[in-house]
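Once you've looked at the hints, dock chain B against the given chain A.
Just so you know, the protein sequences line up as chains A and B, in that order.
If you count by the working numbering, then the first sequence holds residues 342 to 454, one letter each, in order.
If you count by the working numbering, then the second sequence holds residues 114 to 228, one letter each, in order.
Among these hints, one or two may not hold up.
In silico SDA-like links for lysine to any residue, alpha-carbon gap of 20 Å or less [as the list claims (entries may be wrong)]:
#, chain 1, residue 1, chain 2, residue 2
1, A, K412, B, Q214
2, B, K155, A, K412
3, A, K412, A, Q344
4, B, K155, A, L429
If the Cβ cut is set under 10 Å, some of the chain B residues that face chain A in the computed set are [unchecked claim]:
#, residue
5, G114
6, Q119
7, P121
8, L124
9, T217
10, I220
Non-contacting residues of chain B with respect to chain A, defined by C-beta distances greater than 10 Å in every case (computed) [unchecked claim]:
#, residue
11, E128
12, D130
13, D140
14, G156
15, Q158
16, Q173
17, H185
18, S187
19, T191
20, E192
21, P195
22, D197
23, Q214
24, Q225
Don't read these hints as lab results, they were simulated from the structure.
Built from N, CA and C at the ideal position, the CB exists for glycine as well.
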Amino acid sequence: EAQVTQNPRYLITVTGKKLTVTCSQNMNHEYMSWYRQDPGLGLRQIYYSMNVEVTDKGDVPEGYKVSRKEKRNFPLILESPSPNQTSLYFCASKGTGAKNIQYFGAGTRLSVL
Amino acid sequence: GENVEQHPSTLSVQEGDSAVIKCTYSDSASNYFPWYKQELGKGPQLIIDIRSNVGEKKDQRIAVTLNKTAKHFSLHITETQPEDSAVYFCAASSGLSGGYQKVTFGIGTKLQVIP
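The shape of chain A in the complex, shown without the other chains (with noise of 0.2 Å):
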C-alpha cells in the first residue's frame, strides 16, 4: 500500500529544544515536500527535495531545515522552535513522470509553547 508516514502525530513542546518531525515513503517518489497549514493561509511548502542530496526552499523556508540522505526519508529540524512554528505539517511524496500524483501524510500537530 502506497504511503507517506509522518511521526510523531502530536507533538507539544518548548521555545528553544530541538526537535525533528520524520517522515518516510514506501514508493521508491524522488520528490518530497514539507508544508504547514494555518487557517486562513492554506497549505505553504517550507522545502522541498528533487532526489537525495537535492533541496531547495519553498515559500516559507526560515527557522526549519531539512536533509535527505535517503530516498525514502526527508526529516524536518526546527532546531530552535518557537510559538509561531506552531502549526499543522504535511510530508508529501511524488514520483517523477506525467503521471505520478503527490500522495501527502496525515499530518503532524505540532504546538510550541
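The following block gives chain B in isolation, referenced to the frame of chain A:
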C-alpha cells in the same frame, strides 16, 4: 513568486446541486494545476489535475477547466453528495516532464453539502 487566489472560502449547496470553486494564478510559467480534497483529520488527497496543454478534464462528477490566457482554473462538482463535504484546495506548480518543484496552494474552500 507564484500567487494563487481561491474563492469562495466557504460554499454551501443542497444535495444534488452543482458546486464551483475558482482559482487564479499569477505566474505564466505554472503548467500543472492539481485539486485536492481534505477531509477532517486527514491529509489532502488529489482528486483531479490538469496540465497547461489541456483546457478541460473530467472524471465522473468532477471536472476542471483551465483558461491559460486569463490565468484561471475552476473545479466543478455536479450532483453533489454529503460525502463531498470537505475542504478543497487548488494549487499551481511548474516543472519539466511532469516534474514538481515549487507548489503554491490556494487558501482552501470549505464545501458543505446539505442533505
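Going down the list of hints, with the structure as the test:
1. K412/A / Q214/B: holds, 17 Å
2. K155/B / K412/A: Since the Cα atoms of K155/B and K412/A sit roughly 24 Å apart, the hinted pair is violated (cutoff 20 Å).
3. K412/A / Q344/A: Cα-Cα ~14 Å, so holds.
4. K155/B / L429/A: holds, 11 Å
5. G114: holds, 7 Å
6. Q119: holds, 8 Å
7. P121: violated, 14 Å
8. L124: Result: violated, 15 Å to nearest chain A Cβ.
9. T217: The hint holds - T217/B has a Cβ within 10 Å of chain A, the shortest such distance being about 7 Å.
10. I220: Since chain A brings a Cβ to about 4 Å from I220/B, closer than 10 Å, the hint holds.
11. E128: With a cut-off of 10 Å, E128/B remains clear of chain A, as the shortest Cβ separation is near 27 Å.
12. D130: holds, 25 Å
13. D140: Holds, since 12 Å exceeds 10 Å.
14. G156: Incorrect as stated: the minimum Cβ-Cβ distance to chain A is 3 Å, not above 10 Å.
15. Q158: violated, 7 Å
16. Q173: Non-interface label on Q173/B holds, nearest chain A Cβ at 17 Å vs cutoff 10 Å.
17. H185: Holds: least Cβ distance 17 Å, greater than 10 Å.
18. S187: For S187/B, whose nearest Cβ neighbour in chain A is about 17 Å away, the distance exceeds 10 Å, so it holds.
19. T191: Given a closest Cβ separation of 22 Å, the condition holds.
20. E192: Non-interface label on E192/B holds, nearest chain A Cβ at 24 Å vs cutoff 10 Å.
21. P195: At about 23 Å from chain A, P195/B clears the 10 Å cut-off, so the statement holds.
22. D197: It holds; D197/B is separated from chain A by about 19 Å at its closest Cβ, greater than 10 Å.
23. Q214: violated, 7 Å
24. Q225: Holds: least Cβ distance 17 Å, greater than 10 Å.
In summary, the numbered hints that this structure violates are 2, 7, 8, 14, 15 and 23.
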